[in-house]
Amino acid sequence: MNIALTAAAILLGLMIQSSTAQESNSQPDAISPRSAAVQEEDGQWLMAAKNYASTRFSGLDEINAMNVKDLKVAYTFSTGVNRGQEAAPIVAGGTMYVVTPFPNYLYALDLTKPGAPPKWKFEPNPDPSAQGIACCDVVNRGAAYADGRVFFNTLDSQTIAVDAETGKELWRVQLGDINKGETMTMAPLLVKGKVIVGNSGGEYGVRGWIAALDATTGTTVWKAFSTGPDAEVLIGPDFKPFYAMDQGKDLGVTTWPPNAWEQGGGNVWGWISYDPELNLIYYGTGNPGPWNADLRPGDNKWTAGIFARDADTGQARWFYQWSPHDLYDHDGVNENILLNMQWDGKARKLLVRPERNGHLYVMDRATGEVLSADPFHAITGTLGVDLKTGRLRYNPEKEPKVGRVVRDICPAAPGAKDWNPSAFSPRTGLLYLPHINICMDVEATEANYIAGTPYVGMEVRMKAGPGGHRGEFSAWDIAARKEAWTINEKFPVWSGALVTAGDVVFYGTLDGWFKALDARSGELLWQFKTSSGIIGQPVAYRGPDGKQYVAVLSGVGGWSGAIVAGDLDPRDATAALGFVNAVPDLKQATTPGGTLYVFALP
Amino acid sequence: MCSPCHKVAGLVLLLAIAGCEREEREFQSPPPQSGDAGAAVLSTLSPGSSAPQATPSPTGRKYNQNAYHISEGKRWFRWFNCNGCHANGGGGSGPALMDEKWIYGGSIEHIAATIRQGRPNGMPSFDGKIPEQQIWQLAAYVRSMSGNAPKPARPSRNDALNPGPAEQQRDPLPTVGGAAQGPR
Amino acid sequence: MRTGSRLSAAILALFLAGCTGLPAGLDPAGPAAEMITGLFWWFTAICTAVWALVVLGLGASLLRARPADDGASPLDRGSARRISATRVVTALVGATALVLVALTISAFITGRGLAQLRGEQVRTIEITGHQWWWEVRYSDGGPAETLATANEIHVPVGEAVRLSLRSNDVIHSFWIPRIGGKQDLVPGQVNHLDFTIDKPGIYRGQCAEFCGFQHAHMGLVLVAHPRDEFERWFSSQLKPAQAPRGAEARAGQQAFLSRSCVMCHTVRGTPAGGKIAPDLTHIASRSGVAANTLPMTRGALAAWIADPQAVKPGAHMPRTELDSDELNSILAYLEQLK
Numbered sequence: 001m002n003i004a005l006t007a008a009a010i011l012l013g014l015m016i017q018s019s020t021a022q023e024s025n026s027q028p029d030a031i032s033p034r035s036a037a038v039q040e041e042d043g044q045w046l047m048a049a050k051n052y053a054s055t056r057f058s059g060l061d062e063i064n065a066m067n068v069k070d071l072k073v074a075y076t077f078s079t080g081v082n083r084g085q086e087a088a089p090i091v092a093g094g095t096m097y098v099v100t101p102f103p104n105y106l107y108a109l110d111l112t113k114p115g116a117p118p119k120w121k122f123e124p125n126p127d128p129s130a131q132g133i134a135c136c137d138v139v140n141r142g143a144a145y146a147d148g149r150v151f152f153n154t155l156d157s158q159t160i161a162v163d164a165e166t167g168k169e170l171w172r173v174q175l176g177d178i179n180k181g182e183t184m185t186m187a188p189l190l191v192k193g194k195v196i197v198g199n200s201g202g203e204y205g206v207r208g209w210i211a212a213l214d215a216t217t218g219t220t221v222w223k224a225f226s227t228g229p230d231a232e233v234l235i236g237p238d239f240k241p242f243y244a245m246d247q248g249k250d251l252g253v254t255t256w257p258p259n260a261w262e263q264g265g266g267n268v269w270g271w272i273s274y275d276p277e278l279n280l281i282y283y284g285t286g287n288p289g290p291w292n293a294d295l296r297p298g299d300n301k302w303t304a305g306i307f308a309r310d311a312d313t314g315q316a317r318w319f320y321q322w323s324p325h326d327l328y329d330h331d332g333v334n335e336n337i338l339l340n341m342q343w344d345g346k347a348r349k350l351l352v353r354p355e356r357n358g359h360l361y362v363m364d365r366a367t368g369e370v371l372s373a374d375p376f377h378a379i380t381g382t383l384g385v386d387l388k389t390g391r392l393r394y395n396p397e398k399e400p401k402v403g404r405v406v407r408d409i410c411p412a413a414p415g416a417k418d419w420n421p422s423a424f425s426p427r428t429g430l431l432y433l434p435h436i437n438i439c440m441d442v443e444a445t446e447a448n449y450i451a452g453t454p455y456v457g458m459e460v461r462m463k464a465g466p467g468g469h470r471g472e473f474s475a476w477d478i479a480a481r482k483e484a485w486t487i488n489e490k491f492p493v494w495s496g497a498l499v500t501a502g503d504v505v506f507y508g509t510l511d512g513w514f515k516a517l518d519a520r521s522g523e524l525l526w527q528f529k530t531s532s533g534i535i536g537q538p539v540a541y542r543g544p545d546g547k548q549y550v551a552v553l554s555g556v557g558g559w560s561g562a563i564v565a566g567d568l569d570p571r572d573a574t575a576a577l578g579f580v581n582a583v584p585d586l587k588q589a590t591t592p593g594g595t596l597y598v599f600a601l602p
Numbered sequence: 001m002c003s004p005c006h007k008v009a010g011l012v013l014l015l016a017i018a019g020c021e022r023e024e025r026e027f028q029s030p031p032p033q034s035g036d037a038g039a040a041v042l043s044t045l046s047p048g049s050s051a052p053q054a055t056p057s058p059t060g061r062k063y064n065q066n067a068y069h070i071s072e073g074k075r076w077f078r079w080f081n082c083n084g085c086h087a088n089g090g091g092g093s094g095p096a097l098m099d100e101k102w103i104y105g106g107s108i109e110h111i112a113a114t115i116r117q118g119r120p121n122g123m124p125s126f127d128g129k130i131p132e133q134q135i136w137q138l139a140a141y142v143r144s145m146s147g148n149a150p151k152p153a154r155p156s157r158n159d160a161l162n163p164g165p166a167e168q169q170r171d172p173l174p175t176v177g178g179a180a181q182g183p184r
Numbered sequence: 001m002r003t004g005s006r007l008s009a010a011i012l013a014l015f016l017a018g019c020t021g022l023p024a025g026l027d028p029a030g031p032a033a034e035m036i037t038g039l040f041w042w043f044t045a046i047c048t049a050v051w052a053l054v055v056l057g058l059g060a061s062l063l064r065a066r067p068a069d070d071g072a073s074p075l076d077r078g079s080a081r082r083i084s085a086t087r088v089v090t091a092l093v094g095a096t097a098l099v100l101v102a103l104t105i106s107a108f109i110t111g112r113g114l115a116q117l118r119g120e121q122v123r124t125i126e127i128t129g130h131q132w133w134w135e136v137r138y139s140d141g142g143p144a145e146t147l148a149t150a151n152e153i154h155v156p157v158g159e160a161v162r163l164s165l166r167s168n169d170v171i172h173s174f175w176i177p178r179i180g181g182k183q184d185l186v187p188g189q190v191n192h193l194d195f196t197i198d199k200p201g202i203y204r205g206q207c208a209e210f211c212g213f214q215h216a217h218m219g220l221v222l223v224a225h226p227r228d229e230f231e232r233w234f235s236s237q238l239k240p241a242q243a244p245r246g247a248e249a250r251a252g253q254q255a256f257l258s259r260s261c262v263m264c265h266t267v268r269g270t271p272a273g274g275k276i277a278p279d280l281t282h283i284a285s286r287s288g289v290a291a292n293t294l295p296m297t298r299g300a301l302a303a304w305i306a307d308p309q310a311v312k313p314g315a316h317m318p319r320t321e322l323d324s325d326e327l328n329s330i331l332a333y334l335e336q337l338k
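Top to bottom, those sequences are chains Z, F and W.
Just so we're aligned: 158 in the numbering used here is position 158 of the first sequence, and the numbers increase by one with no gaps anywhere.
Just so we're aligned: 174 in the numbering used here is position 174 of the second sequence, and the numbers increase by one with no gaps anywhere.
Just so we're aligned: 217 in the numbering used here is position 217 of the third sequence, and the numbers increase by one with no gaps anywhere.
By construction, these hints were calculated from the structure, which means they are not laboratory data.
Just so you know, these numbers come straight off a predicted model, no measurement behind them.
Treat the hints loosely; a few may be bogus.
Said to hold, decoys possible - With a straight-line cut-off of 20 angstroms between C-alpha atoms, the simulated EDC-like cross-links for lysine to aspartate or glutamate are:
| # | chain 1 | residue 1 | chain 2 | residue 2 |
| --- | --- | --- | --- | --- |
| 1 | F | K129 | W | E321 |
| 2 | F | K129 | Z | D177 |
| 3 | W | K239 | Z | D250 |
| 4 | W | K338 | W | D169 |
| 5 | Z | K349 | Z | D374 |
| 6 | F | K129 | W | D307 |
| 7 | Z | K401 | W | D140 |
| 8 | F | K101 | F | D171 |
| 9 | F | K129 | W | D228 |
| 10 | W | K239 | W | E229 |
| 11 | W | K239 | W | E335 |
| 12 | W | K239 | Z | E262 |
| 13 | W | K199 | W | D27 |
| 14 | Z | K180 | F | D127 |
| 15 | Z | K401 | W | D169 |
| 16 | F | K129 | W | D325 |
| 17 | Z | K168 | Z | D230 |
| 18 | Z | K119 | Z | D545 |
| 19 | Z | K587 | F | E100 |
| 20 | F | K129 | W | E326 |
| 21 | Z | K180 | Z | D127 |
| 22 | F | K101 | Z | D567 |
| 23 | Z | K119 | Z | D177 |
| 24 | W | K239 | Z | D230 |
| 25 | Z | K401 | W | E126 |
The following block holds chain Z by itself, in its conformation from the complex (with noise of 0.2 angstroms):
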């Protein structure tokens, strides 16, 4: 509990402190450089997303524009895991803990001890096979950790609670049947006492859901479905959907074919963000099943969207849909910035997602209102958001259709931008953003649904977007509405941001390149090779020295990586549901790795 208070209080803190920045936003000079908010930075990283805002903003200053290219390795790990590290490393305080890549070993690294060796490992031994219905690699996104104890999910659909101090299992309760296809990967959040944890398995017609259970004992409190009867849903009177598409009795049910929600995803593998003082968790909810669009007519509730659940009950609060109907598999699970500032002129309560489908979206997070939609990427395949219905306009020219192929459909499958997370410098006002410049070609095929396997019905092969590079890292200026600037990469970038009170950018490449920008210009200040291509989420934290330290778990995999995690063929343009086309060079760049590294200054 003391846990949550603090982080609330964080959050509350970064909430005045954005408002004060994006006050002062029009005269950057004008920003102050420290603020109530950073000094209650106590320099932990208890949850993936840092805080429940998810800003993914660290107050420690030490490492600044002007050092940072003196940073220095500090010490290493390897995780004896050589598939795709997505995680981000957890530190609570002397202890550092990982969560690797499917067989999901837990580490407690001892910060207090030089070179931070392994004060315990915790095998939790999941179903190996279990692999054979990951997507998108046996990835992990990472732990989460509260009151003296560690929360995270196995691949074979586990939530586990570890004791943080012995490494000893508290409680483990299994909460999916991989027979269905169902797997977990992401982060748990802990709010008010409990773990929310959501499923996997958008490509194998799972049906996804939420569910919170209690930190103490693991029994569910309460299970939200994203499709299905409004029961199942947790959808009661207090719902209040902004815009009339997203309103009426069952849509769940109505919007599907009979029964084919059943088999409809809506899973809930990617970012939850929460606001205290609103009471609200907010989510999205991941692609429709199969991505075959014609084998489900109508809006297909409630994937693809975002929901805005009271954290003590699960009941909805509104709903809003990225992408009805959803044609190109964009799941609608990115992060969820919370952010309090001037809109308009009006203060107001804002949440800032920037969405597979190449816009960005602002909202109001107690309405559910969309206040903007801005492309942050070349798009073809939809026309803009109509902000008067809410709806997603879709081009039908490049709209996939069964025995025809429909070639540069911009952004491709993985969207605009995918799970890894942006960050958010309330001193700067910017966004920033890793993501990835793909398009593709696409064939809709008839699709089988056979439970436990893929369930998807089409063929797809994707190529670098405009330009030619692959991957883009950029800051948004949300005030302005506008792109401030961008940095273009070879490979597609798949690593989460991390922005620090020092004004500088963290992020890694698919090539294994971990980078320091300058938080206002873009400049490259400082990198470093690793081991392996980079998709995990850097961190920073305050070791028990009182150094600042920066560390990012190395080792390429993920959908971006599989070619090289799954050693996959590139003559076949389709492997890896097409990913494989558009980095065939993969192979060549980088080598598999499970590595992490921690940077300090000298």
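For chain Z, the structure is supplied; the task is to place chains F and W on it using the hints.
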């Protein structure tokens, strides 16, 4: 009659007969006999001085060379969602099948056994779900993906979006060897 | 002589029997078929008349006495004769052209009439041809009123129906003789066929374009109901499959879900969601199995499931090794899927 004419006629007849075998369509598999499945060995190591002996099966031989079985196998590969994990041979959540690396053996008997039994790191067992004849057809098609079937028997094109060179255009790759990249 | 006439009477009866009943082409059941039948009779009448005239002319010339042999070459005719022959030939060619033009125009008028038949309130049904069965999809209403069934089309009487025809593999052709003309199902293309049915009834159809081994066994049935009966049928079909009743049927459902059936077939309301074979959610409500190759009886269903390759060699339904208990329980289960 000239003797070259005889030779040509004989050759044509021979080709025609070979073509028949390649094209023969057997809709119903005869009931399996013992020894039909062959003995698939996963190791090249055996105590004593001799290496373990794998026994090729007559069933395997028959399916391996028949265009009808291979093309049926290609249909099942799509219909039973094999392509969901292995794509069109390049792999995805499952390993690539068009390359020369065979974690659980690359003979048709190995592949049939892998489909039937499943493998511990994600390959489901299709025993009881896919009938025996369809398993052999699938196995024959999987082998053809790395060019391991007579060229005229291999599929020459894809019905959907072109994913790369057709099975017929691929050079035969060796199919021996176990795990090339650690456990899967 | 008596046996001869009896035989010919029997043969005639056999031929005439072909003109009525389920797939009869000359017993129209809707405006489209009526127009086509009308055209057929019109063509038949004209062609018969022409044929009769030709036969008469031929007979007349055969019977007419040959002119006395005047010693001249039979090829050397007088100029007067030549002129009259030219006139006759010209007149006959002219008449032939006239008849052909008349037939062409009448065919064109009928074609235009068929094209204009489309009523205001059109119900669209998607038909997809597969080797060797028909997928039928109703998707006119909201998404929740999307219905998939197979080999049996139900329509309300008197309502304009538009079929949109696709193929999943090779070219097929849709033909229900009593309803209207043929229309091909071509892969990668959508064709349309419009019709209205006047009389309630059951109309048999057939694939009319050779499409592989079992082309001959790619039958379909169209059932025309009065409006309210159709609505009842439609809403009962929309419901998920009913839960099995009785121990045997329950065991049958288990067997269905754990054996090959689950790889290809859908039974809505269960985990079986296969999309590459006919939807079996309400299979027992249909009148035939194996694309109407066999009637819907327990015995026929058993024969089909036990050895599909014996019934339809080359069909894509493989033989599954089921023991007799499993087969019986699966039959018990399927029979309940009304």
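Hint-by-hint comparison with the structure:
{"no.": "1", "hint": "F:K129 x W:E321", "result": "10 angstroms, holds"}
{"no.": "2", "hint": "F:K129 x Z:D177", "result": "19 angstroms, holds"}
{"no.": "3", "hint": "W:K239 x Z:D250", "result": "16 angstroms, holds"}
{"no.": "4", "hint": "W:K338 x W:D169", "result": "30 angstroms, violated"}
{"no.": "5", "hint": "Z:K349 x Z:D374", "result": "19 angstroms, holds"}
{"no.": "6", "hint": "F:K129 x W:D307", "result": "16 angstroms, holds"}
{"no.": "7", "hint": "Z:K401 x W:D140", "result": "19 angstroms, holds"}
{"no.": "8", "hint": "F:K101 x F:D171", "result": "14 angstroms, holds"}
{"no.": "9", "hint": "F:K129 x W:D228", "result": "42 angstroms, violated"}
{"no.": "10", "hint": "W:K239 x W:E229", "result": "16 angstroms, holds"}
{"no.": "11", "hint": "W:K239 x W:E335", "result": "16 angstroms, holds"}
{"no.": "12", "hint": "W:K239 x Z:E262", "result": "14 angstroms, holds"}
{"no.": "13", "hint": "W:K199 x W:D27", "result": "11 angstroms, holds"}
{"no.": "14", "hint": "Z:K180 x F:D127", "result": "17 angstroms, holds"}
{"no.": "15", "hint": "Z:K401 x W:D169", "result": "15 angstroms, holds"}
{"no.": "16", "hint": "F:K129 x W:D325", "result": "17 angstroms, holds"}
{"no.": "17", "hint": "Z:K168 x Z:D230", "result": "39 angstroms, violated"}
{"no.": "18", "hint": "Z:K119 x Z:D545", "result": "18 angstroms, holds"}
{"no.": "19", "hint": "Z:K587 x F:E100", "result": "17 angstroms, holds"}
{"no.": "20", "hint": "F:K129 x W:E326", "result": "14 angstroms, holds"}
{"no.": "21", "hint": "Z:K180 x Z:D127", "result": "14 angstroms, holds"}
{"no.": "22", "hint": "F:K101 x Z:D567", "result": "10 angstroms, holds"}
{"no.": "23", "hint": "Z:K119 x Z:D177", "result": "32 angstroms, violated"}
{"no.": "24", "hint": "W:K239 x Z:D230", "result": "19 angstroms, holds"}
{"no.": "25", "hint": "Z:K401 x W:E126", "result": "15 angstroms, holds"}
Hints 4, 9, 17 and 23 from the list above are not met by this structure, while the remaining hints are.
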